[in-house]
Every structure is written in C-alpha cells, then in structure tokens.
Amino acid sequence: MLMRLAIVLAALPVALILHLESETIAPLVVVAALTAVSALMPGSAGPALLIGYAAVAMAFGDGHPLRLGVLLMIPALHLIHVTSALAAVVPVKTRIEVAALKAPARRFAIVQAISFLVAAFAAFVPSGPHIGFVELLGLGSLTVVIAVVALRI
Amino acid sequence: MSRADKIREAFAESHGAHWHPTDAYSRAVWLGAGLVVAGMFLHQVELVLFGVPLVLSVLLTHKPKGTPTVSVRPVPRGAGAGVVHTVAHVDGADAEIAVIKVPGGPRAVPAHSPDLPVKIRRDAWGPGVDLRLDHLFAGPDGMHVYGPIVGTEHVRTILPPVEHHPSGPLPPRPAGLVGIHRSPRAGDSTELRDIRAFQPGDRLKRIDWRVTTRTGTVHVRERHAEADAEIVLAIDTRTDVGADVADWSSPHYGATARPDGSLDRAVRRAASMAAGYLRQGDRVALMDLSRPQLNVRPGVGRRHLMRIRTQLVVCVQAAGWASRVALRKLPHGSVVVLLSPFLDDEIAELAVQTRKHGHLVLAINTLPLPLKPDRETPWGEVAAEMIAAEHRLRLRRMTQHGVAVTREC
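For the record, the sequence lines run as chains C and Y. Residues in the first sequence are numbered from 1 upward in steps of one, following the numbering used here. Residues in the second sequence are numbered from 1 upward in steps of one, following the numbering used here.
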C-alpha cells in the first residue's frame with residue numbers, strides 16, 4: 001500500500017502543475033484517472049500513459065522550455081516511473097523495510113543530478129532554426145544509448 | 001515448434017525461476033527513447049528532459065545474474081501446538097529487493113539482509129503446512145524480477161495433546177513391569193479368581209475338595225491369568241458434530257477436526273486415556289469402528305503411546321460416514337472404551353452387544369451438550385430437542401443393559 005500511496009503523492013504535483021498551466025479542468029481529470037489506474041494496476045500501461053500525457057501536455061504548453069513547472073515535473077515523472085515499477089513487484093499488503101528502498105533512492109538522486117546537468121546544458125545551447133549540429137550530436141548520442149541498451153537485451 | 005508451443009513458451013518466460021524484464025523496463029526503454037527522439041525531431045527540449053531520466057534509469061541498472069534463494073532452518077517436528085520460531089535465510093545473488101510471503105503478511109526486505117525471523121503458529125493438532133515461503137526477487141528499480149517462486153512446503157503433524165488425569169484410588173506400582181489392572185480372564189497364575197461348580201472340560205487337579213465335601217457338588221478353583229488387562233479404545237469417526245446443529249451439514253475448513261466438536265473431543269480423550277492406562281502398565285489397543293484396517297494392536301510403553309496418537313490422526317484424516325460399525329477381534333475379557341456422540345441406534349446396539357459378549361464397556365459421550373438449535377428455521381428448536389431426546393433415550397437404554405455411560409465428556 002505504501003508504494004501505491006507514493007504513486008499518488010508523486011502524481012499530485014503533476015496534476016497541480018498541469019492544472020495551473022491549463023485554463024480547463026480537463027488535464028486534472030485525465031491525470032486523476034490515469035493516477036487511479038496507475039495506483040490500482042501499477043504493472044499496466046497506466047504509468048506510461050500518465051508520464052507520456054504529462055510530458056506532451058507540458059511540451060506543447062505556453063512558456064519557456066525551462067520554466068519552473070518543467071523543472072518540477074522532471075523528478076515528479078521519474079518518481080512516478082520508479083514507484084510504479086516497485087509497486088508492480090510488491091503485493092498490496094506488503095510491509096516494506098526502509099532499508100530495501102535505500103538503493104532505489106540513491107539511484108533516483110544520481111539520475112536526477114545527471115538530468116539537471118542535461119537541463120543546465122540545454123539552457124546554454126543556442127536555440128533557433130539553425131541548430132543542425134546540436135541535433136546531429138543529440139541523435140548520435142541517442143543512437144549510442146539505444147545500441148548499448150539493445151546489446152544488453 | 002507449433003504456434004501453441006510458442007505461446008506457451010512466451011508465457012512461461014514472463015514469470016518463473018529466471019530473471020526476466022518487467023513492464024517498467026519496457027516503459028523506461030520505449031517511452032524514454034521515444035520522448036528523447038520526439039523532442040529532437042519536434043524541437044521540444046521539454047520532451048528530451050522528461051525522457052532523459054527514463055533512459056538513464058535503464059543505463060544505470062543492469063540485468064541481474066545468479067540464482068537467488070530463500071531457505072528455512074528446519075522447524076522442530078515434534079513440537080506441539082503453540083508458537084514456534086525459526087529463521088529464513090535470504091541469498092539474494094544480484095537482486096536488490098526480496099519480497100517474501102511470511103506468516104503474518106508479505107515483507108519486502110533488502111536482498112542481502114540478515115536472517116529473517118519467522119514466527120509459526122500451530123493452533124490445532126493434526127497434519128498441516130507449517131510454512132511455505134513464496135518469494136520474488138527484484139533487480140534494480142524493479143526492472144527485472146526473478147519469480148514469483150512457490151516455496152517449499154514444510155509440513156508437520158501435531159499429535160493430539162495428552163492431558164494428564166489424576167491417578168485413581170489404587171496405590172502406585174512400578175510402571176512398565178506389570179499393569180495395574182488385572183486381566184479378567186482365567187489362567188494359570190497362583191492368585192485365586194473364583195470357586196465355581198465343575199463344568200465339562202475342567203481339569204481334575206483343580207477340584208477344591210474342601211468346598212466339594214461341604215456343598216456336596218464338585219467345585220473347582222479358578223485362577224487369574226498371567227496377563228494385564230487389555231483396554232480397547234474404540235473411536236467412532238463417522239460423524240464430527242459441534243454444539244451448533246446448524247453447522248452439522250456444513251464442512252469445516254482450516255483444521256483436521258471441528259474445534260471442540262465430537263471428533264476433537266473423542267481424539268483428545270482417547271489420547272489422554274491411552275496415556276493414563278499405558279502409564280499404569282496396561283495393554284492398550286485402538287480401534288476405528290468403521291475402518292478396521294486402521295486398528296492398532298494392543299501394546300505397552302511410551303512408543304506405543306506415540307503409535308496410538310499418530311494413528312488417531314490417521315483415523316481422523318480418513319474420517320467419514322460408514323454404513324456399518326464393528327468391533328472385530330476383541331481380546332477376550334477386554335475393557336472397551338467406546339468414544340462416540342451416539343447419534344444413531346447402531347452404535348448403541350454395538351455397545352449393548354459388546355457388553356452381552358462379556359466385555360466391560362465404558363461409553364463416553366462426545367456430543368457437545370447442550371445443543372444449540374438452528375435459529376434460521378422455525379423447526380430448529382424442535383429438531384434440536386428431538387435429537388437431544390433420542391440421544392438421552394439411547395444412553396439410558398445402554399445403561400439399562402449394563403454399559404457404563406458418561407454423559408459429559
């Protein structure tokens with residue numbers, strides 16, 4: 001039950017940010033529904049839909065790409081992913097020892113530190129229509145990442 | 001390989017005793033890469049930033065290797081009812097989290113935690129499963145899992161408890177040498193049993209000339225046999241009923257016999273009586289009235305008590321309705337202790353017939369009294385009263401035929 005509660009708590013800032021950035025109540029309803037699905041069935045497609053919906057909604061929203069809402073959303077979405085992953089392997093009424101969560105918490109912190117370094121790097125990258133070199137660099141890096149992952153598979 | 005085999009194999013690969021990826025792994029790979037790629041092509045840096053943690057979480061983890069196991073220190077088999085403690089040893093190999101289903105609810109612990117204390121409750125006698133530690137191991141961030149694995153069942157059999165009853169009025173004697181109760185059979189010992197009239201077949205050397213000359217008819221001296229009394233504990237396993245009449249037709253789950261039901265009472269009394277008689281050196285046998293193949297021949301000693309208690313569990317496991325009851329191959333002159341709820345005439349008839357054959361019969365009523373009528377039907381009270389009245393009549397009839405009856409167990 002603790003991990004499912006953590007999913008809901010991680011989804012709260014997501015719902016709040018999307019609600020503040022939107023003029024209608026629709027994003028709040030969608031996030032609430034997807035959060036309920038994720039909490040009840042963490043092994044389903046619910047968490048993926050929740051993360052995907054929030055990411056797309058923020059990306060196509062108005063405002064600076066590195067505004068406060070985006071920066072808050074980065075750890076929140078990652079937290080939804082991690083808590084859903086753990087909740088999917090732990091039965092509902094499981095007593096979870098805090099020591100068992102130490103390694104995932106440490107890894108979460110490392111991933112977030114690197115993510116914010118990337119965000120800081122993105123802040124300094126020039127924007128505009130003539131950024132072919134940066135795109136090429138990014139796609140090249142991604143190809144390497146996918147190749148590494150594919151080899152592991 | 002046929003299509004069905006492929007589907008079966010794919011299904012088997014998604015769980016069981018090997019490391020396999022979870023939905024979280026697929027989510028991190030496909031959603032993470034998808035967001036990064038989409039962000040690049042659509043020139044949306046937010047999508048890249050949301051996708052980076054997912055991709056990193058895959059890169060920073062690895063597929064675990066090795067075979068994690070959970071083992072349990074053996075639980076003492078002979079321990080009786082109550083609480084027993086043991087420990088589970090978790091060998092996590094490359095795993096990060098171990099989820100183990102222990103009594104009292106599942107627990108998630110670090111895969112390399114010290115031994116896990118396990119408390120086992122044994123509430124009732126009979127066979128059962130002490131412990132089965134189903135478990136699952138999760139790799140970093142729950143992206144790979146090993147299991148779920150169904151644990152090994154640790155079965156046990158708790159023998160019926162023995163309640164030590166106070167000794168009777170007879171003086172204590174050295175146990176194990178000779179029984180405290182003498183066999184009622186005639187034999188060749190030196191102790192006088194009876195003086196009776198001569199019958200065809202009696203030996204001439206047994207004629208008591210003094211009594212013969214005084215009475216004018218030939219009399220012989222009868223001596224006791226060189227044997228202890230044989231106690232036959234006859235248990236009626238056809239019915240297992242409690243005080244609540246409404247529950248009589250419904251099965252009971254969770255224990256071998258209905259707690260404080262007629263069968264539970266019978267088994268407890270039989271075990272206690274066997275212990276009492278054996279402690280006094282008597283020979284004790286066990287008979288199942290409806291399943292003679294489960295009978296235990298007369299014997300003495302502590303090992304025989306263990307044999308009887310074990311066989312009582314076997315009898316209860318095989319319990320069920322039988323159309324006929326019989327006491328076969330009763331030792332001559334034995335004391336028969338009949339443990340039954342006496343809910344039908346056949347068992348009462350058997351007690352009377354056994355008494356008529358010259359055995360001393362003690363009938364112990366195991367029916368829990370007073371009966372509680374079924375409140376859900378208007379005829380419940382009448383039915384319960386009818387059953388109780390028939391039961392009283394049955395016990396009275398047995399008493400009239402010389403059977404010693406105890407009304408309460």
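Certain hints may be false.
Unchecked claim - Simulated restraints, written as ranges between beta carbons of each label pair:
(1) ALA99(C) to ALA17(Y): 51 to 57 Å
(2) PHE124(C) to ARG73(Y): 43 to 49 Å
(3) PRO251(Y) to VAL98(C): 42 to 48 Å
(4) HIS18(Y) to ILE114(C): 27 to 33 Å
(5) LEU5(C) to HIS18(Y): 30 to 36 Å
(6) SER71(Y) to VAL92(C): 25 to 31 Å
(7) MET306(Y) to ALA99(C): 43 to 49 Å
Derived by calculation from the structure, the hints in this document are not laboratory data. Every residue gets a Cβ at the ideal spot worked out from N, C-alpha and C, and that includes glycine.
We went through each hint and held it up to the structure:
At about 25 Å, the CB distance of ALA99(C) to ALA17(Y) disagrees with the hint of 51 to 57 Å. Between PHE124(C) and ARG73(Y) the CB atoms are about 60 Å apart, so this pair departs from the stated range of 43 to 49 Å. About 44 Å separates the C-beta atoms of PRO251(Y) and VAL98(C), a value consistent with the hinted range of 42 to 48 Å. In this structure the hint that HIS18(Y) and ILE114(C) lie 27 to 33 Å apart at CB holds, the actual value being about 31 Å.
A C-beta distance of roughly 31 Å is found between LEU5(C) and HIS18(Y), which places it inside the suggested range of 30 to 36 Å. Distance hint check: the CB atoms of SER71(Y) and VAL92(C) are about 26 Å apart, consistent with the given range 25 to 31 Å. The supplied range of 43 to 49 Å is met by MET306(Y) and ALA99(C), whose beta-carbon atoms lie about 45 Å from each other.
The structure is inconsistent with the numbered hints 1 and 2, although it conforms to all the rest.
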